[in-house]
Amino acid sequence: MKYSQFNTVLPYSDKMLLYNSFSNQFLILEPLLKDLLFAAKAEDIDELRNVHATFFQALIDGGYLVENERDEVEEVKKVSRKTDLDQSDYRLTINPTMNCNFKCWYCYETHIKSSRMNEDIIERTNIFISNLVSTSRSLKRINLSWFGGEPLLYFYDIVQPIMEHFNKACAAHDIAGSITFTTNGFLINEKMIKIFEKEKAAHFQITMDGFGEDHDKIRYVSETRGSYKEIIHNIKLLIRNKFNVTMRINYTADNILNCDRIIEDLMDLDQVDKSYMLVDFHKVWQETDANADLHFMQKADNFRNAGFRVSSHLSPNNVRDSCYADKLNSAVINYNGEVFKCTARDFTTGKREGYINESGEIIWEKGSPTRRMEAKFHNKPCLSCRILPLCNGGCSQHAIEHLNLEDYCVYSFDEKEKDKVVLNKFKEITAVH
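Take 1 as the starting number for the sequence shown in UniProt numbering and just add one per residue.
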């Protein structure tokens with residue numbers, strides 16, 4: 001047997017935490033067991049069987065010890081390929097507009113006021129959906145995801161008609177369809193709620209920029225009117241109507257300090273309501289102040305202690321649950337008919353990866369999506385990293401942008417940052433159980 005490449009050992013209270021990033025298993029070790037493990041690792045790991053057979057078997061069962069001939073990196077590659085090439089699911093993202101009712105300073109998108117999907121592109125999109133569900137023999141599930149811009153700006157003219165067509169097409173071919181929204185949440189109202197219910201919308205991701213005034217400084221209607229109260233109200237409106245909501249907190253060194261005060265405005269949610277909500281922390285990508293992360297873990301714990309599920313950028317799962325853009329079965333149709341894979345970059349013509357033609361067929365360009373499928377696992381430091389099964393060097397977009405460049409690390413080769421990933425994963429798992 002050999003000690004797994006994907007093991008991490010961290011102090012935990014007066015004990016030690018042993019974690020394997022491939023099996024996603026934890027063991028909490030007494031100091032004596034830790035000493036036994038480290039001594040056996042330094043000498044002959046198989047001798048541990050004779051010293052403590054029960055512990056030795058537990059290490060095998062949890063994936064902490066593996067067969068000598070086992071190629072652990074190749075196993076990660078196999079799981080990655082199986083996930084990304086899965087033909088049973090399809091993720092279709094639609095940007096009905098690139099216009100938005102807010103102007104957040106950190107937004108990477110170019111907002112175009114006059115942009116909106118016209119009848120021709122709506123028809124092409126509907127034809128694509130019809131062809132997809134009727135011709136794919138392996139397809140079992142399809143997710144229709146609304147993005148933008150702000151997708152609710154032209155909800156009744158664009159979004160609602162496509163949702164109706166989508167649901168009819170899925171039902172006609174016995175395909176499990178789901179509908180999700182990435183929205184700022186400001187425009188949600190009771191009328192929309194009824195349509196969401198009718199069209200079986202399943203999930204909403206809504207972004208907050210901190211608590212109260214911190215949020216309103218970034219996301220405001222006018223100089224005298226913010227949006228915090230309205231968005232919090234709409235989040236609770238969705239939850240009480242049994243919609244799943246991810247409240248994404250985009251944090252900086254400034255707004256992280258008071259962001260957990262959002263809990264004060266969610267105190268009227270009971271535990272059943274809270275089960276419909278996930279709090280997801282993401283650092284604003286332009287933020288360089290190291291102080292932004294100093295308070296993050298504690299703020300996340302405060303939400304957990306208040307009864308909320310919590311996730312973050314420090315809890316990746318990029319192999320078994322890779323980004324939609326990594327998957328062969330995914331596409332983003334922009335309002336003008338241009339097609340992309342990634343929604344985390346600006347939707348400019350120069351970055352498009354294809355287009356949808358008059359027959360509702362997506363014509364891929366620039367070798368996409370094959371180019372994405374082949375971009376992973378080329379970064380040498382990743383192949384020897386203990387958290388490869390979690391991080392995988394980031395997404396395919398990240399990998400493409402680093403092809404033929406110097407070796408890189410998503411966590412800047414900082415082992416302490418990797419430890420934070422492991423500790424956060426442990427907190428997530430233990431919170432669930």
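Simulated from the structure, these hints should not be mistaken for lab results.
Cβ atoms here follow ideal geometry from the backbone N, Cα and C, with glycine treated the same way.
Some clues are possibly wrong.
For lysine-lysine, the following DSBU-like pairs were computed, each having C-alpha atoms within a straight-line distance of at most 30 Å [stated by the list, open to error]:
no.	residue 1	residue 2
1	K15	K351
2	K103	K78
3	K2	K103
Label pairs and their in silico Cβ distance ranges [what the hints assert, rightly or not]:
no.	residue 1	residue 2	range
4	Q298	E69	56 to 62 Å
5	Q25	H313	19 to 25 Å
6	D346	L403	17 to 23 Å
These are the hints, each one checked on the structure:
Between K15 and K351, the direct Cα distance comes to roughly 50 Å. Violation of the 30 Å bound is thereby established for this hinted pair. A hinted pair counts as satisfied when its Cα atoms are at most 30 Å apart, and K103 with K78 does not qualify at roughly 42 Å. At roughly 54 Å between alpha-carbon atoms, K2 and K103 are farther apart than 30 Å, so this suggested pair is violated. Against the hinted window of 56 to 62 Å, the Cβ-Cβ separation of Q298 and E69 comes to about 44 Å, which falls outside the hint.
Between Q25 and H313, the C-beta spacing of about 23 Å keeps the proposed range 19 to 25 Å intact. Take D346 and L403: their Cβ atoms lie about 20 Å apart, and the range 17 to 23 Å holds.
The earlier numbered hints that this structure contradicts are 1, 2, 3, 4.
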